[in-house]
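Student: These protein sequences, in sequence, are chains G and R.
If you count the first sequence from 1, you need to add 48 to reach our numbering.
If you count the second sequence from 1, you need to add 19 to reach our numbering.
Mixed in with the good hints, there may be bad ones.
As a list, the in silico SDA-like pairs of lysine to any residue whose alpha-carbon atoms are at most 25 angstroms apart [said to hold, decoys possible]:
no., chain 1, residue 1, chain 2, residue 2
1, G, K157, G, E115
2, G, K316, R, R295
3, G, K412, R, I267
4, G, K157, G, S67
5, G, K383, G, L346
6, G, K316, R, D269
7, G, K383, G, K363
8, G, K412, R, M302
9, G, K412, R, G166
10, G, K352, G, R116
11, G, K412, R, G152
12, G, K412, R, P227
13, G, K157, G, L346
14, G, K157, G, T169
15, G, K412, R, W298
16, G, K412, R, V290
17, G, K412, R, E296
18, G, K412, G, G358
19, G, K460, G, A134
20, G, K471, R, R295
21, G, K412, R, R295
22, G, K316, G, V151
23, G, K412, R, G207
24, G, K412, G, R373
25, G, K383, G, R320
26, G, K471, R, L234
27, G, K471, R, D269
28, G, K471, G, L425
29, G, K471, R, Q228
30, G, K412, R, A167
31, G, K412, R, R238
32, G, K316, R, P165
33, G, K471, R, P227
34, G, K363, G, A134
35, G, K316, R, G207
36, G, K383, G, L139
37, G, K316, G, D475
38, G, K363, G, K460
39, G, K471, R, M299
Because the hints were derived from the structure by calculation, they are not lab data.
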Amino acid sequence: MSAISAFDAMGLACTREMSRDEVVWLRSKAIFHAGKVDPQMFDGPALAPFAMVLSRASFTELFGLAERAWQELIGVESAVIACGAAAFRRLTVPRQLRRQLRVRPTGSKTIRVARFDFHPTASGWRVSEINADVPGGYIEAGPITRLAREVMCLERVCDLPMDPLQELASAVEGALACRVDRGEREAAGGGGRVALLHATAYTDDWSVMRAVQRALAERGIESVLASPAHLGVDDLRAVGRRVTVRGVEVSAVLRFFPAEWLCQLPGKIPWREVYQIDDLIVGNPLEAIVLQSKRLPLLIEEMKSQHRRGGPPVKTAVWDALLPRTRAIGSQRWKVSLIPDEGWALKPVWGRVGEGIVIQGVTKPRELRAAVRSARLFPSSWLLQERFESRAVQTPVGPRHVCLGVYVINGKAAGIYARASEKPLIDARAQDVPTLIERDGGGGEGGLGEGQPTRRDLGVRETQSEPTASGVSR
Amino acid sequence: MNLSNEHPDPLPNAGFSNPYGVQPAEKKTHSAADDGAALIESGVDLITPEVIFETWAPHGSIWSAWAKPVLFLQMTESMSSERYNVHDPALIERLRQQVPELIGRSGGRRTALVFDLPGASSIFAGLEAARHGFRPVPMFNCTTGPGADVIPIRSLVESLRMAGAALRAMRLSDASPPAFLIDSDRLGGPDSIVPKPLTFDNRWIVFPQDFPSGLYLRRQGIDSVLVIRSAGSSVPLHDLNAVMQGWIQDGVQVLLTHVDVVSNSSGKALVETVEREGWMSRMFTTLRLVFHGIRRNYSGGFGRAIPLPPEPGTGGYFG
């Protein structure tokens, strides 16, 4: 028996199924070392009892596609913002945010984090969506993946992809260092302190920011967990306006609080002022909502039509090739079958982690009817996306449909967060799957055999992997 | 592969000397006062948060998967080293009188319990249920943050730590039916402070995905759930109601009763059957929630906005 199976046509392979002891160990470490607070979802464990391995060729391909798609989309984002209010309305950006997007500061340093959700299909890799505002999954993609490799003794066979937590911390460190280089740190204040904004009523959001806090602390960067209600803006005549959290100045604001939720905050919370301050480091900035809207492909189509009539060019060749066709509900609203056939999925414009997506023949009839009813009532909040034929991966627990979320931080691919589901729909019931990279020289079938030493033989150790230039860690 | 030596659990149940004076479930010879004194006066702590969590959620029990680790993650050294008095002999005595009586009126091993009581009362009620063969499953899902917390969690943390030691001394079967423990003050109670800017809003709600589904319960031979609330409290909060309705839809009978955690109760508490909500009731609930700025999420729970408006007229927000 090999440690990992043979790679399929998409360059995906799986490890063996973990033993019960390994599952128990990984769960405990995931909670108490990695900080995962939601190890159970519904009736099953959140973590899959196996890991996936991505061939080096597929890894290179996916990371390349994500970076190229990001380059295109960041251009689209600028074009959309230049278009102004009409474009924001098309994307159904909340009214309170539209003005903010038009008056964005020019001097702020932004950290951009996004995650492209790739799916293996019969016709190659396809992307179901981009999470450009508050992508999650850092804990699973980083520390838990490292723990999974350790518990299964795969250090000799597989490399680790980059840890998005470390990459994010590195980006923050770089942004803060830039200010020091420019001699602005003292003048700007904040002491290099970072505010980690999140929805405090959600413990899983808290756990993500707590993990970011630990990653920042490893680099000597002070941070503070906060809700948007803790934000303040001090207007100091000598040095201008400063952002505070509970009265303490901060230099940067990292947000794990969806931009569209900010609009629900009471008027006295100064989030608008915060995002207008020139020298604040922000991640993600509010304009991330432009790429987060699932209606973006519809707008891109319109922009391309305008280009044909003499408007500015819009280049999205990679993105267009990856994303399935998207249709507005439009007149479909009045038809008996709002979803034309099983070839289309109904998606909410502001959905996340697959929430609200319904597919005929996959989703329970009751949920399907509720979504269709909502789409008829609020057609601009929904859209239709052409389905792709997800190619199931053979795992030790049976065939699974998988989604590989590739992080892009400041334009560079920065890790993988994979999920797997029995049905061809990745939603909150999908399991998190640690994803490793084939080691140079091959780690496929015939790699690590039964005779290899177990973790117990090797003894417990907390491995700190060294990142390499190729985007993986050993 | 056996990793047992590497698990963070160095304390096997077998041969555990019983420093808390708590006897195994089958020997009900102790008094509640023994419990209380032992909980407070014992100098023996469980060693690490991992061990305490393992005590509440042992690997062998299928219900352990639903135990929430958040509070255990926050059992920092500083918090553990400080003595914080969670000992309330009167409360423990009241629970000792009332919980067995309620359990006797339930369906025994075919019934799961949900203790939706204020603060640490749920923990001690769960401990009492453990004496009668139930596996207490802590499902407290709140955090602490900078500044004053809206919901005080320190007593919960300390109670889990101390009651955990008593729980460890019991011999609970892996097949024990579950007793889920939640805090009825999760959206605010008498000890809570008014959420406002600069307080840390750690209010929390339960979601259907936090509990086993009704179908799962039935597969485990459990066909009814007894929800136990504090006497005098109104109907269950909307979040727990969503969970209960899901169970009913899956064919599980849901019963509701009360214990008196404030005074010594006289007479038997009524046990009423919770009915499936009609469409009018569901619509009314949805409209009420929409009015409060709360939207139903995809899984039937409620989320995406703070459960309660912080101040009249300001709409919902997270903290």
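Student: Hint by hint, say whether it matches the structure.
Tutor: Evaluated hints:
1. Simply put, G/K157 and G/E115 have alpha-carbon atoms about 20 angstroms apart, close enough for the 25 angstroms limit, and the pair holds.
2. A threshold of 25 angstroms between alpha carbons decides the hint, and for G/K316 with R/R295 the separation of about 41 angstroms lies outside it, so the pair is violated.
3. For the hint linking G/K412 to R/I267, the alpha-carbon distance of about 17 angstroms falls within 25 angstroms, and the restraint holds.
4. Of the supplied pair hints, the one linking G/K157 and G/S67 is violated, its CA atoms being roughly 47 angstroms apart against a limit of 25 angstroms.
5. Distance hint between G/K383 and G/L346 is fulfilled; the C-alpha atoms sit about 21 angstroms from each other, no more than 25 angstroms.
6. For the suggested pair G/K316 and R/D269, the alpha carbons sit about 44 angstroms apart, so the restraint of at most 25 angstroms is broken.
7. With a C-alpha separation of about 34 angstroms, the suggested pairing of G/K383 with G/K363 is violated against the 25 angstroms cut-off.
8. For the proposed pair G/K412 and R/M302, the alpha carbon gap of about 20 angstroms is at most 25 angstroms, so the pair holds.
9. For the given pair, G/K412 sits about 44 angstroms from R/G166 by alpha-carbon distance, which is inconsistent with the 25 angstroms threshold.
10. Proposed proximity of G/K352 and G/R116 is supported: the alpha carbons are some 19 angstroms apart, at most 25 angstroms.
11. The straight-line distance between the Cα atoms of G/K412 and R/G152 is roughly 37 angstroms, outside the 25 angstroms bound, and the hint therefore fails.
12. With a CA separation close to 16 angstroms, the supplied pair G/K412 and R/P227 stays within the 25 angstroms bound.
13. Only pairs whose Cα atoms come within 25 angstroms are accepted, and G/K157 paired with G/L346 is rejected, the gap being roughly 29 angstroms.
14. Between the alpha carbons of G/K157 and G/T169 the distance comes to roughly 38 angstroms, so the proposed pair goes past 25 angstroms and is violated.
15. At most 25 angstroms may separate the alpha-carbon atoms for a hinted pair to count; G/K412 and R/W298 meet this at roughly 19 angstroms.
16. Only pairs whose Cα atoms come within 25 angstroms are accepted, and G/K412 paired with R/V290 is rejected, the gap being roughly 34 angstroms.
17. For the hint linking G/K412 to R/E296, the alpha-carbon distance of about 20 angstroms falls within 25 angstroms, and the restraint holds.
18. Pair hint G/K412 plus G/G358 does not hold up; C-alpha atoms about 47 angstroms apart against a cutoff of 25 angstroms.
19. Using a Cα cut-off of 25 angstroms, the hinted pair G/K460 and G/A134 is violated, with the two alpha carbons roughly 31 angstroms apart.
20. Between G/K471 and R/R295 the alpha-carbon distance is near 30 angstroms, which puts this suggested pair outside the 25 angstroms criterion.
21. As the CA atoms of G/K412 and R/R295 are separated by approximately 20 angstroms, the hinted pair is consistent with the 25 angstroms bound.
22. For the proposed pair G/K316 and G/V151, the alpha carbon gap of about 19 angstroms is at most 25 angstroms, so the pair holds.
23. The straight-line distance between the Cα atoms of G/K412 and R/G207 is roughly 35 angstroms, outside the 25 angstroms bound, and the hint therefore fails.
24. Taken as a hint, the G/K412 and G/R373 pair is honoured in the structure, with Cα atoms around 24 angstroms apart against an allowance of 25 angstroms.
25. With a C-alpha separation of about 41 angstroms, the suggested pairing of G/K383 with G/R320 is violated against the 25 angstroms cut-off.
26. A distance of roughly 19 angstroms separates the Cα atoms of G/K471 and R/L234; the hinted pair therefore holds under the 25 angstroms criterion.
27. Under the criterion of a C-alpha separation no larger than 25 angstroms, the hint pairing G/K471 with R/D269 is consistent with the structure, at around 21 angstroms.
28. For the suggested pair G/K471 and G/L425, the alpha carbons sit about 28 angstroms apart, so the restraint of at most 25 angstroms is broken.
29. This hinted pair checks out: G/K471 and R/Q228 have alpha carbons roughly 18 angstroms apart, not beyond 25 angstroms.
30. Restraint check: the Cα-Cα separation between G/K412 and R/A167 comes to about 43 angstroms, which exceeds 25 angstroms; the hinted pair is violated.
31. Distance hint between G/K412 and R/R238 is fulfilled; the C-alpha atoms sit about 20 angstroms from each other, no more than 25 angstroms.
32. A hinted pair counts as satisfied when its Cα atoms are at most 25 angstroms apart, and G/K316 with R/P165 qualifies at roughly 20 angstroms.
33. For the given pair, G/K471 sits about 20 angstroms from R/P227 by alpha-carbon distance, which is consistent with the 25 angstroms threshold.
34. Pair hint G/K363 plus G/A134 holds up; C-alpha atoms about 20 angstroms apart against a cutoff of 25 angstroms.
35. A hinted pair counts as satisfied when its Cα atoms are at most 25 angstroms apart, and G/K316 with R/G207 qualifies at roughly 23 angstroms.
36. At most 25 angstroms may separate the alpha-carbon atoms for a hinted pair to count; G/K383 and G/L139 meet this at roughly 23 angstroms.
37. Among the hinted pairs, G/K316 with G/D475 is inconsistent with the structure: their alpha-carbon atoms are about 35 angstroms apart, more than 25 angstroms.
38. Of the supplied pair hints, the one linking G/K363 and G/K460 holds, its CA atoms being roughly 19 angstroms apart against a limit of 25 angstroms.
39. Taken as a hint, the G/K471 and R/M299 pair is broken in the structure, with Cα atoms around 33 angstroms apart against an allowance of 25 angstroms.
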